[in-house]
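Order-wise, the sequence lines are chains A and B. Under the working numbering, the residues of the first sequence are numbered 80 to 495, in order. Under the working numbering, the residues of the second sequence are numbered 80 to 495, in order.
These aren't lab readings, by the way, just hints derived from the structure by calculation.
For chains that are exact copies, the list does not tell them apart, and a pair is met inside one copy or across any two.
With a cut-off of at most 27 Å between alpha-carbon atoms, the simulated DSS-like pairs for lysine-lysine come out as follows:
#1 Lys-93 to Lys-112
#2 Lys-289 to Lys-93
#3 Lys-322 to Lys-495
Number of protein chains: 2
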Amino acid sequence: MSNNVSALGQKAKKAAATLANLDSTAKNEALLKIAAGLLANQDRILAVNQNEVAKAKADGLRDSLTERLMLNPDRIASMVEGLHAIVRLEDPVGSVEKMWRRPNGLEIGRVRVPLGVVAIIYEARPNVTVDATALCLKTGNAVILRGGSEALQTNQVLVEVIRESLRGTAVPEDGVQLLASPEREAAVALMRMHEYVDVLVPRGGAGLIKTVINNALVPVIETGVGICHTYVDASANLEQALKIVVNAKTQRPSVCNALETLLVHQAIAAGFLPRCGEELRRAGTEIRGCPQTLTYLPWVTAATEEDWATEYLDLILAVKVVPDFAAAIDHIARYGSGHSECIITSDYATARQFLQIVDAAAVYVNASTRFTDGYEFGLGAELGISTQKLHARGPMGLDALTTTKYIIHGDGQIRK
Amino acid sequence: MSNNVSALGQKAKKAAATLANLDSTAKNEALLKIAAGLLANQDRILAVNQNEVAKAKADGLRDSLTERLMLNPDRIASMVEGLHAIVRLEDPVGSVEKMWRRPNGLEIGRVRVPLGVVAIIYEARPNVTVDATALCLKTGNAVILRGGSEALQTNQVLVEVIRESLRGTAVPEDGVQLLASPEREAAVALMRMHEYVDVLVPRGGAGLIKTVINNALVPVIETGVGICHTYVDASANLEQALKIVVNAKTQRPSVCNALETLLVHQAIAAGFLPRCGEELRRAGTEIRGCPQTLTYLPWVTAATEEDWATEYLDLILAVKVVPDFAAAIDHIARYGSGHSECIITSDYATARQFLQIVDAAAVYVNASTRFTDGYEFGLGAELGISTQKLHARGPMGLDALTTTKYIIHGDGQIRK
Chain A
80 MSNNVSALGQ KAKKAAATLA NLDSTAKNEA LLKIAAGLLA NQDRILAVNQ NEVAKAKADG
140 LRDSLTERLM LNPDRIASMV EGLHAIVRLE DPVGSVEKMW RRPNGLEIGR VRVPLGVVAI
200 IYEARPNVTV DATALCLKTG NAVILRGGSE ALQTNQVLVE VIRESLRGTA VPEDGVQLLA
260 SPEREAAVAL MRMHEYVDVL VPRGGAGLIK TVINNALVPV IETGVGICHT YVDASANLEQ
320 ALKIVVNAKT QRPSVCNALE TLLVHQAIAA GFLPRCGEEL RRAGTEIRGC PQTLTYLPWV
380 TAATEEDWAT EYLDLILAVK VVPDFAAAID HIARYGSGHS ECIITSDYAT ARQFLQIVDA
440 AAVYVNASTR FTDGYEFGLG AELGISTQKL HARGPMGLDA LTTTKYIIHG DGQIRK
Chain B
80 MSNNVSALGQ KAKKAAATLA NLDSTAKNEA LLKIAAGLLA NQDRILAVNQ NEVAKAKADG
140 LRDSLTERLM LNPDRIASMV EGLHAIVRLE DPVGSVEKMW RRPNGLEIGR VRVPLGVVAI
200 IYEARPNVTV DATALCLKTG NAVILRGGSE ALQTNQVLVE VIRESLRGTA VPEDGVQLLA
260 SPEREAAVAL MRMHEYVDVL VPRGGAGLIK TVINNALVPV IETGVGICHT YVDASANLEQ
320 ALKIVVNAKT QRPSVCNALE TLLVHQAIAA GFLPRCGEEL RRAGTEIRGC PQTLTYLPWV
380 TAATEEDWAT EYLDLILAVK VVPDFAAAID HIARYGSGHS ECIITSDYAT ARQFLQIVDA
440 AAVYVNASTR FTDGYEFGLG AELGISTQKL HARGPMGLDA LTTTKYIIHG DGQIRK
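Here chain A stands alone, though its shape is the one from the complex (with noise of 0.2 Å):
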């Protein structure tokens, strides 16, 4: 097993050093016939894909799962504009970031590199094969796909589809590898590979986070795990409260950019309370509260130390009144995962206080977490939310892909 897995990682190593020093235009004209294969083929991979959807639900896994598996020449179509829109993105390689001379006449500079063999683990959304791949090689990795066992034809057929149609570009097909054996042991085989991979990045819940973190040798980057809190302060506007509550607990419940926990402060919580439950029962909304909200909204159920703690990605959501600021703070502070916080607040000095004490990726004022995000931040496809503080932290673009080394340019300096 392991060494099936070794083999992998060594392919794609030697497929990275001639990634690594491809210029834009290779690697774009790489994508695009990437995108030209996916509709060339797209019979073939609905096929397969109906196949493996049909299976799924004989096998009783649960709608929204064989929803997300599912494709169709619309979700095809929406992959081959995420490829175009690759395309169309700055590739950061080879862009020299600062470069400065030294009194001894060494000329020292960054410039920005790519990280070499990138692994992903991810659950059962095929799109993700496409867009991980389109990342990577845009900025000169190769990478390692692990996708969830459901999807496992599906993702087969589409990295078959991808190395077809980089035969004959520059990019090497061993570029692109799908560890295909369903085994855990695989995967993990995969984390501990620390020869062969550069950084490995799960997306997923908050098991498989775990796992990884419990399991990988090689460098990690955490995404995903949202507990994301709006603070509604006394000198809060309430009509832009409720909208943006509303908002970032409704719109999409299902991501981790979606609101967990509501804190409201005791002074508005009697003016705001009773309308924000109802508008967010009207939307389907459960509500779990703490004592004092349940006095203003009687119908809901009352809050377990487990709520303040727990990503619902669901129409859930936990209610807490506090009796100030600092006890917004706290509580955010104790049970936030670092993914996105917001304030609601018309007062200065108190946005100013929360922008700069809350330790999150992304922290807000007076507006909807739903926006943490890269295409809404104006970075473009992301690879996922980091939520750790290592390297990149909130949506990971293109720029999280890679690194940077110094080169020194010099005539004979010596050190004394």
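Fit chain B to the supplied structure of chain A, relying on the hints for placement.
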């Protein structure tokens, strides 16, 4: 055991929250207090250190290690000067690297913030205790120190003096913690404390780095192992090559940026190796050569496969004659540790190719690899030289001890 370590992590994390929100002025004042404290307590520190050095000698510790452990007034003065130098550096925390406005009016900025809690595991040099503390506090981080057991008493008195000096400043004492338990389990508990440690930096030999990689659950920045090459191309100016090779090998052989393997193009081997070998021999360097090297330098030992993969940190040099540029590149890709690599050439295209292809933290043309160092690069004090690609690569200055967060100013934006 792990309870003690955990209590220490908890305290560090609490202190980090305070430290993150201090202005530079407050942090600099605390560093100056530490500098004054070290001077005022010089006798006390030296007394403890003399005891420990005496014990080390009695226990038969190697001379080179005893020498590293020993403090004297000059070394204390240089710690104090180091603190002053760090006070003079610009604090990166709070600087907004970029801020932009989105079409919907959201203003999004990336601001530099501390990492949080930085753990450092290092071998027997007590000056690291002071340097690392200063770099971490300057950047608003709490630090957990774990030094070598030979220096435990010296590190203890240094941390006592540091913490006493912090009393009455804005920096909480718990921002500096020494993990004093000598047991291996304590170090392992530190490496696994994902909840409280944001990054772990091991500073030491390959053995320490390997132990950390195999045990750590927290994010790690690998430092220091340097199997550095210099390749003398067919087009090299041989006078320049001679000066650079001798400097890179002999100026300070015990450090990670010193030369370990010399690669020589066969076309100039006859003209270069006899002279170079002679100069190195005069400087006390032992040479281990490939078969071709032996034909030019019959007095040297034959190199084994192991020599190409060894960081000597000593007056020993491996020498290999290569048929061409590609063979040099292959050798470096295979045996290099990603630290510092150099080419000596007068050919423009060859220089450019080497800079492009070689994958290392620092890639040189026509200069000694001994320059890979925070001060020599003009970056100021450093915590170590990172040889990994994630987060920081090359000399780790103040920036490497920070991360970023996005701050988002809105006026009611919601996502459609």
